[in-house]
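Participant: Given next are the chains, with one letter for each unit.
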Amino acid sequence: DAKTTQPNSMESNEEEPVHLPCNHSTISGTDYIHWYRQLPSQGPEYVIHGLTSNVNNRMASLAIAEDRKSSTLILHRATLRDAAVYYCILRRTNTGNQFYFGTGTSLTVIP
Amino acid sequence: KAGVTQTPRYLIKTRGQQVTLSCSPISGHRSVSWYQQTPGQGLQFLFEYFSETQRNKGNFPGRFSGRQFSNSRSEMNVSTLELGDSALYLCASSPRNTMNTEAFFGQGTRLTVV
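Residue numbers (our numbering), protein chains in the order written: chain A, 1 to 111; chain B, 1 to 114.
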């Protein structure tokens, strides 16, 4: 399994930026870095993914280190609706279309 | 565009029975994968189907099986249910056979074995 390491939990104040770190030191050149989040009582939801370059979308930004051994998911202004468990996942070319989830980071947003 | 639909949403079964769960992927998606989520083990991969073929299987006993139909709908079956099979079962669909694509998850089926 492609292993990632994330802090178990983080807190953020509402309307402030949040930086969620992920270490993936065993990443290989063709591994894509994916982020999903899971709100209570729901299935995981796609947030963002990338390979080498930083990526931006309407939900978040993904900053990938130059050596690709770590990445950071950036929520620019946390809202109460962003409280969820965030999963950083490596998807390997030779292992099909499945995800191997770690324990994720539980984000608490403080009003 | 309709999302991933899983039925039923909730299910209660007795130990020793068998159960079938259904997943209808987003129209046009050919890849369907299944996951089990429990408080103790987190999200664990069960198996993945692409164009009716099982491509990968997670580390689960043979009591867990699945299949995919020509319209990409998928079912998973658990026979001889055990109390430990109580979990949220999630399926995800993807449009292509590639790592450079997002997956869409359903709301899940909450199975309780008593």
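It is worth saying that the hints were derived from the structure and are not from the lab.
Glycine residues also receive a C-beta, built at the ideal position from the N, C-alpha and C atoms.
A hint or two may mislead.
What the hints assert, rightly or not - A partial selection of chain A residues facing chain B, derived with a Cβ cut-off under 8 Å: (1) Pro40; (2) Gln42; (3) Glu45; (4) Tyr46; (5) Tyr100; (6) Phe101; (7) Thr108; (8) Pro111.
Participant: Compare the structure with each hint and give your call.
Facilitator: Hints and how they fare:
At a threshold of 8 Å, the smallest CB-CB gap from Pro40 of chain A to chain B is about 11 Å, leaving the interface hint violated. Restraint check, Gln42 of chain A versus chain B: the minimum CB separation of about 6 Å is within 8 Å; hint holds. Taking 8 Å as the C-beta contact cut-off toward chain B, the hint placing Glu45 of chain A at the interface holds, the least distance being around 7 Å. Hint status for Tyr46 of chain A: holds, given a least beta-carbon distance of 4 Å to chain B, under 8 Å.
This hint holds: Tyr100 of chain A has a C-beta 6 Å from the nearest C-beta of chain B, less than the 8 Å allowed. Checking Phe101 of chain A against chain B: minimum C-beta separation of about 4 Å stays under 8 Å; hint holds. The closest approach between the C-beta of Thr108 of chain A and any C-beta of chain B is roughly 18 Å, which is over the 8 Å cut-off, so the hint fails. Using the Cβ-Cβ criterion of 8 Å, the hint placing Pro111 of chain A at the interface with chain B is not satisfied: the shortest such distance is roughly 27 Å.
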